[in-house]
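Novice: First to last, the sequence lines map onto chains A and H.
The letter at position 346 of the first sequence is residue 479 when you use the numbering used here, and the numbering goes up by one with no holes.
The letter at position 126 of the second sequence is residue 259 when you use the numbering used here, and the numbering goes up by one with no holes.
Among the hints, a few may not be true.
[Stated by the list, open to error] Restricting the straight-line Cα-Cα distance to at most 25 angstroms, the calculated cross-link-like pairs of lysine to aspartate or glutamate (DMTMM-like) are:
1) H/K455 - A/E520
2) A/K522 - H/D388
3) A/K522 - H/E389
4) A/K529 - A/E155
Since the hints were made in silico from the structure, they are not lab data.
Number of protein chains: 2
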Amino acid sequence: MSETRIIKPQPISGFPEWLPEEKLVEDHILRIIREEYERYGFTPVETAAVERREILTAKGIVEKEIYALSRLAAGEGEDPSTDMALHFDLTVPTARYVAQNAARLTFPFRRYQIQKVWRGERPQAGRFREFYQADIDVIGNGSLGLLNDAEIPCVINAIFARIGIGEFVIRINNRKLLQGYLLDQGLTAEGVGAALKVIDAIEKVSRERTVADLSAQAGIDAATAERIVDLVTRPVTIADLRAIEGGELYREGLDELGQVADGLAAFQVPAHRWRIDLAIVRGLDYYTGTVYETQLVANPEVGSICSGGRYEDLASNYTRQKLPGVGISIGVTRLLSRLFDAGLLKPGAATPAQVLVTVMDRAQLPYYLGLATTLRAAGIATELFTEGKKVGDQLKYADKKGFRLAVIAGETEIAEGAAVLKNLSSGEQSTHPQAGLADAVRQALAG
Amino acid sequence: MSETRIIKPQPISGFPEWLPEEKLVEDHILRIIREEYERYGFTPVETAAVERREILTAKGIVEKEIYALSRLAAGEGEDPSTDMALHFDLTVPTARYVAQNAARLTFPFRRYQIQKVWRGERPQAGRFREFYQADIDVIGNGSLGLLNDAEIPCVINAIFARIGIGEFVIRINNRKLLQGYLLDQGLTAEGVGAALKVIDAIEKVSRERTVADLSAQAGIDAATAERIVDLVTRPVTIADLRAIEGGELYREGLDELGQVADGLAAFQVPAHRWRIDLAIVRGLDYYTGTVYETQLVANPEVGSICSGGRYEDLASNYTRQKLPGVGISIGVTRLLSRLFDAGLLKPGAATPAQVLVTVMDRAQLPYYLGLATTLRAAGIATELFTEGKKVGDQLKYADKKGFRLAVIAGETEIAEGAAVLKNLSSGEQSTHPQAGLADAVRQALAG
Numbered sequence: 134m135s136e137t138r139i140i141k142p143q144p145i146s147g148f149p150e151w152l153p154e155e156k157l158v159e160d161h162i163l164r165i166i167r168e169e170y171e172r173y174g175f176t177p178v179e180t181a182a183v184e185r186r187e188i189l190t191a192k193g194i195v196e197k198e199i200y201a202l203s204r205l206a207a208g209e210g211e212d213p214s215t216d217m218a219l220h221f222d223l224t225v226p227t228a229r230y231v232a233q234n235a236a237r238l239t240f241p242f243r244r245y246q247i248q249k250v251w252r253g254e255r256p257q258a259g260r261f262r263e264f265y266q267a268d269i270d271v272i273g274n275g276s277l278g279l280l281n282d283a284e285i286p287c288v289i290n291a292i293f294a295r296i297g298i299g300e301f302v303i304r305i306n307n308r309k310l311l312q313g314y315l316l317d318q319g320l321t322a323e324g325v326g327a328a329l330k331v332i333d334a335i336e337k338v339s340r341e342r343t344v345a346d347l348s349a350q351a352g353i354d355a356a357t358a359e360r361i362v363d364l365v366t367r368p369v370t371i372a373d374l375r376a377i378e379g380g381e382l383y384r385e386g387l388d389e390l391g392q393v394a395d396g397l398a399a400f401q402v403p404a405h406r407w408r409i410d411l412a413i414v415r416g417l418d419y420y421t422g423t424v425y426e427t428q429l430v431a432n433p434e435v436g437s438i439c440s441g442g443r444y445e446d447l448a449s450n451y452t453r454q455k456l457p458g459v460g461i462s463i464g465v466t467r468l469l470s471r472l473f474d475a476g477l478l479k480p481g482a483a484t485p486a487q488v489l490v491t492v493m494d495r496a497q498l499p500y501y502l503g504l505a506t507t508l509r510a511a512g513i514a515t516e517l518f519t520e521g522k523k524v525g526d527q528l529k530y531a532d533k534k535g536f537r538l539a540v541i542a543g544e545t546e547i548a549e550g551a552a553v554l555k556n557l558s559s560g561e562q563s564t565h566p567q568a569g570l571a572d573a574v575r576q577a578l579a580g
Numbered sequence: 134m135s136e137t138r139i140i141k142p143q144p145i146s147g148f149p150e151w152l153p154e155e156k157l158v159e160d161h162i163l164r165i166i167r168e169e170y171e172r173y174g175f176t177p178v179e180t181a182a183v184e185r186r187e188i189l190t191a192k193g194i195v196e197k198e199i200y201a202l203s204r205l206a207a208g209e210g211e212d213p214s215t216d217m218a219l220h221f222d223l224t225v226p227t228a229r230y231v232a233q234n235a236a237r238l239t240f241p242f243r244r245y246q247i248q249k250v251w252r253g254e255r256p257q258a259g260r261f262r263e264f265y266q267a268d269i270d271v272i273g274n275g276s277l278g279l280l281n282d283a284e285i286p287c288v289i290n291a292i293f294a295r296i297g298i299g300e301f302v303i304r305i306n307n308r309k310l311l312q313g314y315l316l317d318q319g320l321t322a323e324g325v326g327a328a329l330k331v332i333d334a335i336e337k338v339s340r341e342r343t344v345a346d347l348s349a350q351a352g353i354d355a356a357t358a359e360r361i362v363d364l365v366t367r368p369v370t371i372a373d374l375r376a377i378e379g380g381e382l383y384r385e386g387l388d389e390l391g392q393v394a395d396g397l398a399a400f401q402v403p404a405h406r407w408r409i410d411l412a413i414v415r416g417l418d419y420y421t422g423t424v425y426e427t428q429l430v431a432n433p434e435v436g437s438i439c440s441g442g443r444y445e446d447l448a449s450n451y452t453r454q455k456l457p458g459v460g461i462s463i464g465v466t467r468l469l470s471r472l473f474d475a476g477l478l479k480p481g482a483a484t485p486a487q488v489l490v491t492v493m494d495r496a497q498l499p500y501y502l503g504l505a506t507t508l509r510a511a512g513i514a515t516e517l518f519t520e521g522k523k524v525g526d527q528l529k530y531a532d533k534k535g536f537r538l539a540v541i542a543g544e545t546e547i548a549e550g551a552a553v554l555k556n557l558s559s560g561e562q563s564t565h566p567q568a569g570l571a572d573a574v575r576q577a578l579a580g
């Protein structure tokens, strides 16, 4: 009957929205990440969704990927544009936040940040224009101990062991070591840059192609290229690396990597969860020492599920204070989407409550409300069925939403001050006095 | 030495950013809200930060308040504008989400949504352009039981009792009852609209002013205006309202309000936590039945800390399905800012960890790492001091960040496989074997 014009809502490409059963999985993962970050003493920071344009463009980022804000409708003669744009990562906002608040923060500053970021990517599968990132960084004032570089993989290990998506391995490198090694092979500074680019892509192409690319782009002979590919593709230990006679930069990188490896052992990170991998480069400009990537052992096609590294100076664009740091980022939305696609995570119930209190006789409402109140007071997430429907329909509703238990009370149970607890997967039923209901629910949920 | 141009970062008005010690308070409150929403069986939903412009402007919202998105830098000949804009509340996105996914959702659909929203307000104190809202709604397909209207204050009560910011009262009204009463006083439909507007502002002006405004704007005599003001400003019970002989709309509203009041009693919401208050109007168009506002008893100047109500149809702009609902919204950022200002909430520690493990002898690093690992494995959030500084400086750092306990181990303790636990506020110290450290920490934190 309505005269309202109907606008049919459509999904917007690149802006994923989960159904409740998927969102509950995302929340579960976000909760694990948050708890582990806090267990290691990282403090939450949240920055505004927007930054001033001059902050976002200070590092010469591709501006087409940035969404700027304007007033949808400006008044007569008003300029609708603003000087604000949505942030495209959490590193720039953190740098700005730390520089802005440096006098009120205590260093080393250990913060985590879990927020959406926005990028005007061309829509294509797996490319998101809005997505969650979950970052930690430790930022020093002037200097920062290498022990932090060792603690970071410890946090990664704790998180992914808890998420439980199969075995994973944290691949660790030190860019000084890799760069030093390349210089020692006779490469020029330019050649090193070109070689790093080739090594960064090593997993996407054949060995022959890598050797050819190294020769062509780093200006070196095939034998040197072969030697480089050998080293960066074979498993190495600190001892292997010590056996190589390297120059000053190589030795500095090796010393750092050795300290990180010692720290990992002392932090009791299981040996199979990390390895030294000289093929890890992580882009070209930002990281200066330790770098990390994390891979699922059985599903390498998912790509790196967590990466990061050590940088020389966080906020050189916003302050003259030198702020070295080390950090990692988990691309939660991309990870989740890939885990759903690979079947490694499966959506479950569409409700955070595990118990549905049904209503058989609406004249006895206070009794059912009392049952729900009792369970909630015991900390058990409980839904009370609010609509006037038959118990059979209420149980169908419970099935559809994935409740594990239903509470049912008819005339007999109400007369006895009791209720039936029904396990919705096994069909098993048992009767309990109201006072014992919460315990029975806890047992049923644990069993 | 750096040649980099320094851009001094400045706060952006209306986009609040908390320091860590404030953010931890916000997180604490958000956690309580989330836990209570889930305890009542509301499922999380998160919608994209953006909506298509046509969705946001469907209801004729003041468009100047909406931030539209454009590409910061478009290519040659490209249009930088997009069809997207940031959402200004969570109701429009929920309506669009429910209409879009109706076939895949189970009704009644109980969802909560805690997200930032954006409004291009003119900067002024207490006006935010980016802020958190925390909403719940129960949405029916075709119809929705009144029991939901009774459960909502139950959730409000649970949340604010836990946040612990002093006594509060949930003021409840039914718009049908109020509108019916006004019609019964001889007001025209137009007069009712005008009267509601005046009543909505009743707390900001004098009684005389309200009476005068009612006469002038609703076109009624002073005696009628006095009678209306009398009723909406005095405490009333369901019995009082039954004593008034009202028309059909009045009686329908009274019946609904009576059911909600009965439900509240059955849900065991303490009687001093809610009251019927006929002055509660909540805007003019959206709500059609029950309405709520929540006030701090000792600090009414903070304004309503939670409000909402029952509406006829959530998504008439996006679907022909009739989706009635009832819900509330907590304006978390505004609430937090006012509670900080009023001194009702105080920032505490700048870290989520309560224990700092200090490092006295760096040659014994594995020992200290072992202590931290032990505490973390026991679920105790722990920071390990990573920099090469004297223990005295480490304890100063602990004080500055607000840690409650420090763990210290020198040669003697290490030889004994033990550590000293220092209470940083009392100065009290005790020595514990490593195996007993987690228990000692738990006791100290509980004490």
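Novice: Evaluate each hint against the coordinates.
Specialist: Okay, the hints, checked on the actual structure:
no.: 1; hint: H/K455 - A/E520; result: holds (16 angstroms)
no.: 2; hint: A/K522 - H/D388; result: holds (21 angstroms)
no.: 3; hint: A/K522 - H/E389; result: holds (19 angstroms)
no.: 4; hint: A/K529 - A/E155; result: holds (21 angstroms)
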